[in-house]
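As given, the protein sequences belong to chains U, W and L, one line each in that order.
Just remember that the numbering used here sits 1131 ahead of the position in the first sequence, which is counted from 1.
Just remember that the numbering used here sits 599 ahead of the position in the second sequence, which is counted from 1.
Just remember that the numbering used here sits 2 ahead of the position in the third sequence, which is counted from 1.
FYI, nobody ran anything at the bench for these hints, they're computed from the structure.
Treat the hints with caution; some may be incorrect.
With the Cβ distance kept under 8 Å, some of the chain W side facing chain U (calculated, not the full set) [said to hold, decoys possible]:
#1 R816
#2 L819
#3 Q822
#4 R834
#5 Y835
#6 G837
Derived DEER-like restraints, expressed as beta-carbon distance ranges [unchecked claim]:
#7 U/V1442 to L/I4: 40 to 46 Å
#8 W/P791 to L/G269: 53 to 59 Å
#9 W/V714 to U/R1459: 37 to 43 Å
#10 U/R1523 to W/T740: 42 to 48 Å
#11 W/W949 to U/D1207: 49 to 55 Å
#12 L/E9 to W/P787: 54 to 60 Å
#13 L/Y16 to W/P775: 31 to 37 Å
#14 L/G160 to U/H1443: 44 to 50 Å
#15 L/Y130 to W/P775: 30 to 36 Å
#16 W/A950 to U/V1377: 52 to 58 Å
#17 U/A1255 to L/G160: 31 to 37 Å
#18 W/P775 to L/L145: 35 to 41 Å
#19 W/R952 to U/K1161: 52 to 58 Å
Even glycine gets a Cβ: it sits at the ideal position worked out from N, Cα and C.
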Amino acid sequence: MSEPVLHMRNITKRFPGVVANDHICFDLNKGEIHALLGENGAGKTTLMNIFYGLYQPDEGEIWLNGRRVTIHSPRDAIALGIGMVHQHFTLVPTLSVTENVILGAETGQLGILDTRSPRARVAAIAQEYGLEVDPDALVRTLPVGVQQRVEIIKALYRNAQVLILDEPTAVLTPLEVERLFATLRALVQRGVSIIFISHKLKEVMAIADRITVLRQGRVVGSTTPAEADEAKLASMMVGRPVMLQVEKAPAQPGEVVLSVHNLKVMSDRRAVAVDGVSFEVRAGEIIGIAGVEGNGQSELVEAITGLRPPVHGEVLLCGRPLPHALPRAAIEAGMSHVPEDRHKYGMVAQQPLFVNLVLSTFHKPPFARRGLLSLRTMREHARRLIREFDVRTPNEQVRIASLSGGNQQKAVVAREFSRPMRLLVAAQPTRGVDVGSIEFIHKRIVQARDQGAAVLLVSAELDEVMSLSDRILVMFKGKIVGERDGRSADRAEIGLLMMGKAEEAST
Amino acid sequence: MIRRWFWLGSAWPAVASVLMALALAALVMVITGSDPLAAYGALFQGAFLRPGTATRPTAFFETLVSATPYLILALGISIGFAAGLFNIGAEGQLYMGALASVSVGFLVKGLPWFVHLPLAIAAGVLAGVIWAGIAGWLKATRDAPEVVTTIMLNYIAYAVVNYMVNGPLRHTGTAPRTPDIEPSAVLPTLLPPPERLHWGLILAIACAVGYYLLMNRSALGLQIRLVGENRHAARYAGINVNGTYLIAMVLSGALCGLAGAVEVLALYRYLPTEFTVGYGFDSIAVALLGQGNPIGIALAALLFGAMANGSGFMQFSAGVSNYIIAVVQAFIIVFVAAPGIARDVLVNWWARRIRRKPAAQGGEA
Amino acid sequence: MIETLLEVLGRIDYLFLLGASLRAATPIVFAALGGIFSERSGVINIGLEGMMLTSAYVCYKVAVLAASPWVGLLAGVVAAVLIALLHGVISIRYQTNQVVSGTVINIFAAGITGFLFRVLGAQESAPYLPNMNMPGVRDVPLLGNQPMLTWVMVGMVGLATFVLFRTTWGLRTRAVGELPRAADTAGVPVNTIRYANLAIGGAMAGLGGAFFTLHTVSSFTPLMTSGQGFIGLAAMIFGNWTPLPAMLAALLFTVPQALAGQFQMFGVPLPYQIISTLPYVLTIIALAGVVRRSTPPAALGVPYAK
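With the rest of the complex left out, here is chain U (with noise of 0.2 Å):
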C-alpha cells in the first residue's frame, strides 16, 4: 500500500461570522485521485486555498511526503510541488500560451525575457498528456476547454506532484468531460496525486477512488464509488434526502411573449458573439437554452434585456419591438431579469436589502411621489418580499452585501417577481447558492410558468436545463444549433450538441 502524499490535520478557517473549516481532516495517497464533495459553500476551496497558500489556516498541521510544511504563498506552495487549477481560470487573456505557463517561473539572464525554451517545453507536455494546445495563441482566442488544459500544462510545467481540481468540469461538454478524466488516469499512472473537488456526484463517483464529503465546514465521511451511491453521497452532501428531480406538470403553452429574430450581438471583444438567432417563447412554458459558456449565451441575454445593443435583428415583446439598449423599456414592457453576475448587476452591495428590493422601481409610485421617496413604503415592501420569499436576514435595513449568496439571490428573485411579469429572463439562477435555496427557486420558476409568465432559463449547468425545460434549444458559436423536447430530450445527445456535432448527434 502507498504511503500518504499529504496529510491535513484537524484544519480550522474562520472568517467573520463563518468558519468555513472546522476541525477538517483530510489525506491523499501516491497515485490516487480523491474527491472533495460538498455543495457551494461547505468550504472545499477554503481548504484547497490554505493547501495552496492563498489563506493560512487558524488552526491545524499540513504534513507532505512525511514532513511538516507551512505554507505562506502560491510561491511555497509551488515548491513543495503542488499545483491548482482554479475553478475560475487564472490566465491571463490578453497573453500567449507560453506566457501564461511561464508566469513566475520564468528564465533567462539578466531579467531578459526568454521564451524559445519553455516554448518547446510546453509543447513537449502538451503531446505527453495530450494537450494539445498551440503555445502561440493568445489565451482570450481559446475555447473554455482549451483553456483548462493549459492551466494543466502551467501546473505541470513547473512538476506539479499533488495536483488540485476546483469543479473542474464546470465549464466542460460531456464529451469533453471524458477526455479531462482520460487525461486525470494518464496523471495518476505518471504518479501524480490528484484532488478533485466537485459537488456533482456522476462525475465523483465516475473518477474517484476515494471520496470524502464536506457540510458547513465539517467532514461528514469518507467513502470509496464502490461502497456508495448517489442517493447516499446526495444525502451526506446535505445532510437529509435531496429531491433530484424538479416535479411539473406538463406544459400548457399560450401566445407567443418573446420573439427573437435573426439576432446579431458583438461580445465586448467586438468579435461576433450570437449570429443570426432566431427563436419564440410562448406563454406557460420555459425554453432553456444549453450550452458551454462563452458560446454566445450572456450577450444573448444581454440583447434580449436591452443591456447591449444588438448590431441586427429585434426584439419583440408580445408583438411589439423593444428599443435598444434600454433596460428601462423591457422591464416596462413586464420583463424581469434575474441576471447571471448577481454581483455585477443583479445589486448595489453598500446599498441595505429594501432599496435593493426597488432597485427599478424606486422612481414610480408608491415608493416615490413627485420626486420625493417613502421610505416607510420601501420598507413595508421589502418586509412583505422577505417574508414570502423566505430571505434569511436580521431586518430589511442591513446591507445586502451582509447575507449569504444563497439569501441575496432568493432577494434578486424576489425582487424581479414582485413586478407583473410577462417574461422571466434567468439566467444561472441558481449559481453559486445552497441547495435549499436551489430547491426554492426553481419551485418559484416553474410556478411562474404556472401562472402564464413566458420563462427564458439560460444555464450552465445542464442538469438544470434538462429538469426545468419544456423546450431545449442548443447553443454554439453564437447560434442554436438545435432544438429538442425538454422531456424526451437526451443527455448524451445534447452534449453532443453542445460541441457543435450537430450530424453525430441526430444519427
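Position chains W and L against the provided structure of chain U, taking the given hints into account.
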C-alpha cells in the same frame, strides 16, 4: 474592544484625521523652530475670538465669510462624488461663474436690484453649468475621463478670465481688472460695516438643506447614489446612467458657479485676474472630510474657513507662516483618504500602552 | 489673411518647430511613461502632477543648496518616488479609491511645496543641467542642442518599451495589471510588483519635474507644473498605454502650440492666452475622440485582495 467603541460613529475618522494632522503640523513647527501651542492659540483666537473694531470685522463673522464658498463648492463636489464622478474642475467652474456674474453685473444697467441681482447670480450658475456640462457631456457621450477633462477646463478657464480681464472687459484704471458692478447687482451684507458677513452664507445654508433633501429624500438622489455605487446594476435596473452623469455634473457645476457668483457679487464687486486661487482644490479636501454628509461638510467648511481666516493673525502674533495651514490641510486629506492609517497608528499606540501595563505588573510579581 | 498664413507657413523652419515641440513634450512624455508603468500594473495614477511638482521643488532647492544640478536631480527623483510610495500606501495597503488617492497626492504636493517655498524662500537661481551642445552631438538633427533631459526622455521611451515587452519584469507587470489572481497563483507577489511600478512611475515623474526647474527656468513657482502631468495621462490613454505611441501623442499636444508661436513671431496677431490653452483644448478633444477605442489594463483601479 477598544477598537469597537473607539470607532463607533462615522465621524470619528474625520475627527481623528484633523487631530493627527494638527499634531503633525505641530511637529513641523517644532522642527522649524516655532511654538505650536502659541500658533494654534493665535489661530483659534484669530478665527473665532477676536472682537471687531470700528475698522476691523469680527473674527468669527470673517470665518463664516471664508467658509461660505468652501461650503457651496464642497456640496457641489460631493454631488459629483455621489455619482462616482471626480469634479476636480470646481476651480474652473468658480472662475467662469465669477466672470459671468461680474459681466452681467456691470454690463447690464438700469435694472432694479430684484431683477439685476438674481440675473447676475443666474448668469454665474449658468456659466458653472456650462463649464461642468462640457465635461459631463463628454463623459456621458464619449467616456472621456472627467478627472482629466475638468482639470484641462480649469486651465482654459484661467486663460479665458485672464484674457477677458486684460482685454475686452478691462476697466480704464492701471490694474488689470473689470469695472465695478452696478450697485443693483451687489449681494448685500447682513450687518453694517466693517462687517462683511453677507447673504451668501444664507444661500450656502439653503444649498446644504437642498443637498440633504436631494441626496436623502429624493428619487433623483437615490438614482445618483445607485449610479455612483454600481453603475452596472443601475443600468440593469433601468436607470439612464449617462444621463445621470450629466445631471450630477450639471448640479455640481451649478453650485460651483454659484460660489463664484457669490464671491464676486458680495465681496470683490469686480473681477481681478487672479482671485481665490485654490478655493476649488481646497474644497475637494472639504468634501472628502465631510464624507457626503451635509452637516459634516458644513463643519469641514467651517474648519477650513477658520484656518484661512485665523492664519493671518497667527502669522502676526505667533510668527508662524500662515502657509502652515496648507500643511495641516495636506495631512488632513491624507488621513481622511486612508482612515486606516490613523486607526492603525492610534490603535497601535493604545495597544502598546495596554500591553505595557500587564508587563509592568508582571515585573513586580 | 489666407495669403499671410500661407506665406508664414512657407517661412517656418519645420525642423526647428519639431525640436521645440519635442522639448515642450519632455515633461509630458515623462508623465506618460510614469502613468504607463503604474497603470500597466493596475494602479491608476492621477497623482503624477503632484509627483512632478514635488520633484520640481526638491530639484530646485537641493540643486541650490548643493550647488549641483546633478545632486538636485537625484534628490528630486527620490522625493517623487517617496510621494509615489505614499500613493501606494493609501491605495494599495489601505485600498482607498485610486482616483481619490491620486487627487489627495496632488493636493498634498501642492500644499507642502507651497509651504516650503514660502517658508524657505526661492531667491537664488538653481544651476542648470547641461544642454546637449557639445561638439559631436550639437548637430544631431532634432536632438542637437536640446536639454539633456530630452535626450534622457527619448532613451527612456525605448527602454520602457523594452522593459515592458521583453523582460520578465514587464511580463509580470502586465499580468498583474490584467489579472492579478493569475499572477498571485503563479507565485508572483502582486502588491510588491505594484509598489515597485509605482516607484518607477514616480521616478519618471521625478525626471519630468526636474525639467521645470533645472532646464526651463532656474527657479520654482507654486503650481508651476500647470497640468502637464494630466496631459501626460491623456497622452498615455491616446497611446493605448504603450510608450512610443504615447510620445507621439504628446507631440500632437505640443506641435500646435509651437506652430502658433511661430505665427506670432511672424506677426500674426494671436493673444498669448489663446495659444497657452492649445494643449489643454487638444487634450480634451483627443480624449473625446479616443477613449471608446482604447483598452486599458483590465484590472486597472481594482485593489487586489485574496
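Results for each hint:
1. Because the closest C-beta pair between W/R816 and chain U is about 6 Å apart, less than 8 Å, the hint holds.
2. Here the hint on W/L819 is kept, as its CB sits about 6 Å from the closest CB of chain U, short of 8 Å.
3. Given hint, W/Q822 at the interface with chain U, holds; its Cβ is 7 Å from that chain's nearest Cβ, closer than 8 Å.
4. Among the interface hints, the one on W/R834 holds; its C-beta lies about 6 Å from the nearest C-beta in chain U, closer than the 8 Å criterion.
5. Residue-level restraint check for W/Y835 holds (minimum Cβ-Cβ distance to chain U is 4 Å; threshold 8 Å).
6. Interface hint status for W/G837: upheld, as the beta-carbon distance to the closest one in chain U is roughly 3 Å, under 8 Å.
7. Checked against the given bound of 40 to 46 Å, the beta carbons of U/V1442 and L/I4, roughly 44 Å apart, stay inside it.
8. In this structure the supplied range 53 to 59 Å holds for W/P791 paired with L/G269, their Cβ-Cβ distance being about 56 Å.
9. The beta-carbon spacing between W/V714 and U/R1459, approximately 41 Å, falls within the hinted interval of 37 to 43 Å.
10. A beta carbon spacing of about 44 Å between U/R1523 and W/T740 agrees with the range 42 to 48 Å that was offered as a hint.
11. In this structure the supplied range 49 to 55 Å is violated for W/W949 paired with U/D1207, their Cβ-Cβ distance being about 34 Å.
12. Between L/E9 and W/P787 the CB atoms are about 57 Å apart, so this pair conforms to the stated range of 54 to 60 Å.
13. Remark: the range hint 31 to 37 Å for L/Y16 to W/P775 is upheld by a beta-carbon distance near 36 Å.
14. With their beta carbons about 45 Å apart, L/G160 and U/H1443 fall inside the hinted range of 44 to 50 Å.
15. For L/Y130 paired with W/P775, a C-beta distance near 32 Å keeps the hint of 30 to 36 Å intact.
16. For the pair W/A950 and U/V1377, the supplied restraint of 52 to 58 Å holds, since their beta-carbon distance comes to about 55 Å.
17. A beta carbon spacing of about 35 Å between U/A1255 and L/G160 agrees with the range 31 to 37 Å that was offered as a hint.
18. Distance hint for W/P775 and L/L145: a CB-CB separation of about 40 Å, consistent with the stated range 35 to 41 Å.
19. Distance hint check for W/R952 and U/K1161: the Cβ-Cβ separation is about 54 Å, which falls inside the suggested range of 52 to 58 Å.
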